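Novice: Keeping their order, the protein sequence lines are chains A and B. All residue numbers for the first sequence refer to my numbering, where the first residue is 11 and numbers rise by one. All residue numbers for the second sequence refer to my numbering, where the first residue is 215 and numbers rise by one.
Derived by calculation from the structure, the hints in this document are not laboratory data. Where hints are given, some of them may not hold.
The calculated lysine-lysine pairs, modelled on BS3-like cross-linking and capped at a C-alpha distance of 27 Å, are [as the list claims (entries may be wrong)]:
#, chain 1, residue 1, chain 2, residue 2
1, B, LYS320, B, LYS400
2, B, LYS473, A, LYS173
3, A, LYS37, A, LYS173
4, A, LYS173, B, LYS250
5, B, LYS473, B, LYS250
6, B, LYS320, B, LYS347
7, A, LYS112, A, LYS155
8, A, LYS173, B, LYS477
9, B, LYS347, B, LYS308
Note that the structure is a prediction, hence the values are computed from the model and not measured.
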Amino acid sequence: MSVQLVRERWNGSAQEMTLGRHPHAVKVGGESTLPFLHFEGSMPNRPVLALEVTDTSPQDWPGVLSEPYREVMGDPVHWAMACEKEGADLVALKLDSCHPEKENADPEQAARTAAAVAEAINVPLIVLGCGDESKDAEVLPIAAKALQGHNCLLGTVTADNYKPVVAACIEYHHNVVATSPLDINLAKQLNILISDMDLPLHRIAMDPSIGPLGYGIEYAYSIIERMRIGALTGDIMLSPPVICMVGEEAWKTKEAQSSDVPEWGDWKRRAVLWEAVTASVLLQAGGHIMVLRHPESLALVKAQIDDLMRK
Amino acid sequence: MLLISERINGMFKDIREAIKKRDPQPVQERVLRQVKAGAHYLDVNTGPAVPAEEQPAVMEWLVTVVQECCDLPCCIDAPNTKSIEAGLKVHRGKAIINSTSADQHKMDELFPLAKEYGAAIIGLAMNESGVPKNASDRLALAMEVVANADIHGIDMHDLYIDPLILPVNVAQEHVVEVLETIRQVKLLADPAPHTVLGISNVSQGIQNRSLVNRTFLVMAMSAGLDAAILDVEDDALLDAAATANILLNREVYCDSYLKVFRKR
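Just chain A, same shape as in the assembly (with noise of 0.2 Å):
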């Protein structure tokens, strides 16, 4: 007996976003169905894996995490160069050297290194700030005008910092992660903000913070899941596509960190799988652009990407 599937009708899209330069430009979004249902509606880019590289070596990143990159922490160029021999379809640099209580290095400098990633690299660069507002609303815009030309996204910013880093990402032609604390009307509204100074949606990607697995990662999903909704269903203010910061709230569990619990199982794999199968859920969620740290993860989340491309 033959079983007729049901099928949804959507009348809206996602954005589609285009970071980077020909001929290694990467495309993320545009899709008119729910995530991988290629039955249902069009799915015209595959969801994208970033790595990430920090300016200044990391001092929370566990032994299992910073062995793969032994040899090039420190030296971001190099680091972000690896990253793209391991497979990542972008790099992600985090502008960690000018967090006020750390290093508060010079805007400059961290704009000078961005610059020199971006020319030593192919795939494209998103450019994460140091996570503090009032120095990210001084650096972003500096490393804007340094990395003209590279059509990078740039970010986070939020609803109290955004307008001087949109405002370099229009003049710089770059684009803009919006950021917004597990929270899907404020994450409209700041879209809205933005599109307001005139950066057209499809330059917006938005992150709507996540909890890894096991933390709260079903907050994450039902967000991720009604900002897609609500683009498919036409509300265009929820239509950018979806940026997770995964690397960063996996590698922070216990079960990732815990290096003596024997019981848990191998923690090289168990840290690994912890950021994979993060990553797995949001992608189900409708995510586009995942924010990875370890190169192994990174392998197992293609690997699933591609059998879900497979129509």
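Take the given structure of chain A and dock chain B to it, following the hints.
Specialist: Relative to the frame of chain A, chain B by itself:
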């Protein structure tokens, strides 16, 4: 919620005069105000002052003039098939035909036309005997429309049932019947047809028109109304619709929801 502007209609003096002189400027000025106010469709009607034999040519002129200055599609509103076809011939995008009644001869003319031009179509829950008094008679006629649309291969997503509202001072008892019809139209087919109402009709000839219009619109939305022909320049009416849209959980809330509602 599909917002169809009622304003490009020869019943209004500025449009009537413009039609008489074939002067596009007042029409286009009014069109741009509808676009700015947030209309998704423009109902285009030559009005009763144009002699029947001139109506097709006037409709052709009016649709052309309207679409010269904006990208919005039209809801082509005329009592006769010739005028509707004249409008469809020059129309860009997906038009809505306004409208067929549940009379067999009307449906036999207009559904093939909708199919030929890929247009959506409004079906009125009335026939030559007039507007029914209660919900069940309205639904019986709506079912005639649904069945005939289906026979002609019209997608239910392209069919809008109008249960017809009458002025509240003339037919007060009709309001609850109309609301009940909206609820039950959704049970006539799967997928269900859409519903539409000409909102301003409810307040013809009475005081406090804007208040009555927006109260009725919110009630109708709560019953499941999908589309409305209305005065998009009535800010309070659109604010009420935007707020109902949020309260009915049809759209995700944000602080700027009133503005977003007009941005589609």
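Novice: Confirm or reject each hint.
Specialist: Hint-by-hint comparison with the structure:
| no. | hint | verdict |
| --- | --- | --- |
| 1 | B:LYS320 to B:LYS400 | 23 Å, holds |
| 2 | B:LYS473 to A:LYS173 | 20 Å, holds |
| 3 | A:LYS37 to A:LYS173 | 25 Å, holds |
| 4 | A:LYS173 to B:LYS250 | 26 Å, holds |
| 5 | B:LYS473 to B:LYS250 | 11 Å, holds |
| 6 | B:LYS320 to B:LYS347 | 22 Å, holds |
| 7 | A:LYS112 to A:LYS155 | 24 Å, holds |
| 8 | A:LYS173 to B:LYS477 | 22 Å, holds |
| 9 | B:LYS347 to B:LYS308 | 33 Å, violated |
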